[in-house]
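Trainee: Chains as they are written, first to last, in my numbering: chain A, 1 to 267; chain B, 1 to 221.
Think of the hints as simulated: they come from the structure by calculation, not from any bench.
Worth double-checking, as some hints may not be accurate.
Said to hold, decoys possible - Below, simulated SDA-like cross-link-like pairs (lysine to any residue); rule was C-alpha separation at most 20 Å, straight line:
#, chain 1, residue 1, chain 2, residue 2
1, A, 147, A, 245
2, B, 101, A, 147
3, B, 65, A, 217
4, B, 101, A, 183
What the hints assert, rightly or not - Cβ-to-Cβ under 7 Å is the rule here; a few derived chain B residues that face chain A:
#, residue
5, 62
6, 96
7, 97
8, 99
9, 158
10, 211
Built from N, CA and C at the ideal position, the CB exists for glycine as well.
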Amino acid sequence: MKIPDVLIPPPLKRPHKPGTDRSPNGGDPLAPLKEAPADLIGWLDERTGGGSFLTGMLYRKVPKGTNWFYTLGSATLFAFVVQAVTGVFLAMYYDPSPTQAYASVTHLTNDVFLGEFVRGMHKWGASVMIILVYLHMARTFIFGAYKYPRELNWIIGVTLLILTMIMGFTGYLLPFDQRSFWATVVGVNINGTGPFIGPYLSDFLRAGAEFNGSTLPRFYAIHMLIVPGLIIALIGAHLYLVVKLGTTAPPWLHPKRTKATVREERV
Amino acid sequence: MADAADKTNGQTGEALSKPEPAGYFEGESMSRRRALTIAAQAVGGVAGAIIVLPAVGFAVAPIFKKPDEIWESVGPTSRFSADTYKPVVFTLVEGIGEAGKTTAFVRQGSKKYDESPSSYVAISTRCAHLGCPVNFVAAAGSFVCPCHGGVYDFQGKVIGGPPVRPLDRFQTRVVKGQVQLGPRYSVTSQLDPVRYRDPGEYTGGAWNYIYPPRPDTPPAP
């Protein structure tokens, strides 16, 4: 009995006799399939030009001395992605009505399959993200990576820090237990202590003079729609500037002083 | 004259009268491209405003919404005495269940504090520091806040901790033998009523302007 040609691994195949005819695929009937991914990518690249963009981004040069501290930004991005994905799935079960919120959170934690795990990821991931944001910021500050020409990226980063804090503040209310309720009361009233605009700010946050039926939906909308949209847009700008300007070398590495650079410094 | 001739490289007359910059037809004060650019930007601006203005108004409107004036009975007049407070629970905001309820401490007016014995005093439990719920400790005759240690005397005046003004009060009235609580108001350190303020905001004197009241809060009694 003859074994089908397809099942024989190439190294074990009998070599073609010299001079005999070969099929167009070198005798491999799977060859078109094997090339399908490359063909698909080629099709996309031809129509988007995305290949050169990705190559330029992924294979860009990084300075000598780049080390693990430079991964804190990517780690923060990953933490944000975790928050976004788990948040989307939590939104499938969460009900932002003041009378139903606590029950819906209890339900998704205790009854829904893996609910406790997904909620735990969102809850603990929030703290992880805040910590990573601060470590990333500390790295940027200590390495002097905020200096010319990267000041704008520092400003965008600070805006992202504030938005992350707003996420923490608005998300804290959503479980709607005693702790989150009173923490929000205190937090809103802290906003109210600002002179002149404070009273209007606290009214804006509460949607009225007292904690009322619109407060929780308002916090929910800020938490899951407004601020995440801003964060995604600003992360895009942040990454664009990182790719465009490149990263800095660590401060303990100095560029070699060649004749040309010395002349430049004098000018 | 010699300078002008130098600048035009020796040419005069026709060279200067050419339309400048290029693209302008004779007699036009604006090129067609520029006019269309301005028109397109204006249309885009109007379209953007149509989206943004209602959205912002929608979000900001609650600041200017007049709160409902709710009067709620909390018990017969015989329930309250002048020498101590009785806690009453009543609904401050309707439609949100337990979260809309609040506690107030109510007593009869006392001549000791220059009050009419037929009046009733209702002290809000909302701490004037940051809004945590204070409790009346009968043994000490004072209100104590669990969050940051604010302490108030029997009349609600600050005697310790971070609060910036005395405890808020609710308007009271007696209807058919029942004590009713109405809108909240704030007081100054001399217990003069002022319009309702959020916790953490000073009252009295210039503070009334530094922390403006809500546009639609009811006037103080």
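Trainee: Of the hints stated earlier, which fail here?
Mentor: Numbers 2 and 9 - these are the hints that the structure violates, sorted from lowest upward.
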